[in-house]
Amino acid sequence: TAGITQAPTSQILAAGRSMTLRCTQDMRHNAMYWYRQDLGLGLRLIHYSNTAGTTGKGEVPDGYSVSRANTDDFPLTLASAVPSQTSVYFCASSVDRANTGELFFGEGSRLTVL
Amino acid sequence: AQKITQTQPGMFVQEKEAVTLDCTYDTSDPSYGLFWYKQPSSGEMIFLIYQGSYDQQNATEGRYSLNFQKARKSANLVISASQLGDSAMYFCAMREGHIGQNFVFGPGTRLSVLP
Chain A
44 TAGITQAPTS QILAAGRSMT LRCTQDMRHN AMYWYRQDLG LGLRLIHYSN TAGTTGKGEV
104 PDGYSVSRAN TDDFPLTLAS AVPSQTSVYF CASSVDRANT GELFFGEGSR LTVL
Chain B
16 AQKITQTQPG MFVQEKEAVT LDCTYDTSDP SYGLFWYKQP SSGEMIFLIY QGSYDQQNAT
76 EGRYSLNFQK ARKSANLVIS ASQLGDSAMY FCAMREGHIG QNFVFGPGTR LSVLP
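Protein chains in written order, with our numbering: chain A, 44 to 157; chain B, 16 to 130.
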């Protein structure tokens, strides 16, 4: 069972370059999320999508963009990477139920911006 | 303002003992869900337990239980009979109903189980 697949698992990127982190789920979940995880700060929400065709901003959206063309895919794009975007990025999805649906996570993408 | 507070950056517990990981939350929404996740050193996020704001009973899942005190806005995780494999980061999280899909996490507590 695949669940959520993220790619790449790890990447080193020069500052100023663009990068797209891919996320695909096969559970037909309506809601999808992108988080970044930094030491001491836990997971912070970057962007989310309630359903295909809609997206919303989370706590730390600046410097990132997302799209949701279909149910399965939710790519995260860094248009011009900066060193402060060095982090571990997690994609997640959930069933569209108010409150009760837990998040299912991908395995994470470790990004280093030099 | 922090919606989820975990005041214990690190905790130690002896194997086979019980341990409580603290979590307090802040919301004005009467409908919300509280979650705990485990992140071992391998990095994956593992869902442990869920508590709904309207649930009358505290949630339990095997050795995990959630001590839900609604008036105090606390949702502490209790792990009974700790095992070496319980050593990990533990995150408390909340999903608020009226916001829809907003799902926020606390900073986490690192639990170390000692043999």
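It cannot be assumed that every hint is accurate.
[What the hints assert, rightly or not] Simulated restraints, written as ranges between beta carbons of each label pair:
| id | chain 1 | residue 1 | chain 2 | residue 2 | range |
| --- | --- | --- | --- | --- | --- |
| 1 | A | 59 | B | 85 | 47 to 57 Å |
| 2 | A | 123 | B | 98 | 40 to 50 Å |
| 3 | B | 32 | A | 65 | 34 to 44 Å |
| 4 | B | 87 | A | 157 | 17 to 27 Å |
| 5 | B | 127 | A | 125 | 30 to 40 Å |
| 6 | B | 100 | A | 95 | 19 to 29 Å |
[Unchecked claim] Derived contacts from chain A toward chain B, CB cut-off under 10 Å, selection only:
| id | residue |
| --- | --- |
| 7 | 70 |
| 8 | 71 |
| 9 | 74 |
| 10 | 85 |
| 11 | 88 |
| 12 | 91 |
| 13 | 95 |
| 14 | 104 |
| 15 | 107 |
| 16 | 108 |
| 17 | 112 |
| 18 | 120 |
| 19 | 145 |
| 20 | 146 |
| 21 | 156 |
Hints are computed from structural coordinates only; laboratory data are not their basis. Beta carbons: idealized from backbone N, C-alpha and C, even for Gly.
Okay, the hints, checked on the actual structure:
Roughly 49 Å separates the CB atoms of residue 59 of chain A and residue 85 of chain B, a value that falls within the hinted 47 to 57 Å. Taking 40 to 50 Å as the suggested C-beta distance range, the pair residue 123 of chain A and residue 98 of chain B conforms, at roughly 46 Å. The beta-carbon spacing between residue 32 of chain B and residue 65 of chain A, approximately 43 Å, falls within the hinted interval of 34 to 44 Å. At about 46 Å, the CB distance of residue 87 of chain B to residue 157 of chain A disagrees with the hint of 17 to 27 Å.
Between residue 127 of chain B and residue 125 of chain A the CB atoms are about 34 Å apart, so this pair conforms to the stated range of 30 to 40 Å. Evaluation of the 19 to 29 Å hint for residue 100 of chain B and residue 95 of chain A yields a failure: the beta carbon distance comes to about 38 Å. The interface hint given for residue 70 of chain A is violated, since its Cβ lies 14 Å from the closest Cβ of chain B, which is over the 10 Å cut-off. Because the beta carbon of residue 71 of chain A sits about 16 Å from the nearest beta carbon in chain B, more than 10 Å, this interface hint is broken.
Checking residue 74 of chain A against chain B: minimum C-beta separation of about 5 Å stays under 10 Å; hint holds. A least Cβ separation of about 4 Å between residue 85 of chain A and chain B falls short of the 10 Å threshold, and the interface hint therefore holds. Hint status for residue 88 of chain A relative to chain B: holds, with the closest Cβ pair at about 7 Å, below 10 Å. A distance limit of 10 Å between C-beta atoms decides the matter here; for residue 91 of chain A the minimum to chain B is near 5 Å, and the interface restraint holds.
For the restraint placing residue 95 of chain A at the interface with chain B, the shortest Cβ-Cβ distance is roughly 13 Å, beyond the 10 Å limit, so the hint is violated. The beta carbon of residue 104 of chain A is not positioned within 10 Å of any beta carbon in chain B (closest approach about 13 Å), and the interface hint is therefore violated. A least Cβ separation of about 16 Å between residue 107 of chain A and chain B goes past the 10 Å threshold, and the interface hint is therefore violated. Hint on residue 108 of chain A is violated. Least Cβ distance to chain B is approximately 18 Å, over the 10 Å limit.
Given the 10 Å rule on beta carbons, the hint for residue 112 of chain A is violated: about 18 Å separates it from the nearest Cβ of chain B. Below 10 Å, beta-carbon pairs count as interface contacts, and residue 120 of chain A has none with chain B, the closest being about 20 Å; its hint is therefore violated. Evaluation of the residue 145 of chain A hint against chain B yields a held restraint, the C-beta minimum of about 5 Å falling below 10 Å. Interface hint at residue 146 of chain A: satisfied, since its Cβ lies 6 Å from the closest Cβ of chain B, which is below the 10 Å cut-off.
A distance limit of 10 Å between C-beta atoms decides the matter here; for residue 156 of chain A the minimum to chain B is near 19 Å, and the interface restraint is violated.
Comparing the model with each numbered hint stated earlier shows that hints 4, 6, 7, 8, 13, 14, 15, 16, 17, 18 and 21 do not hold.
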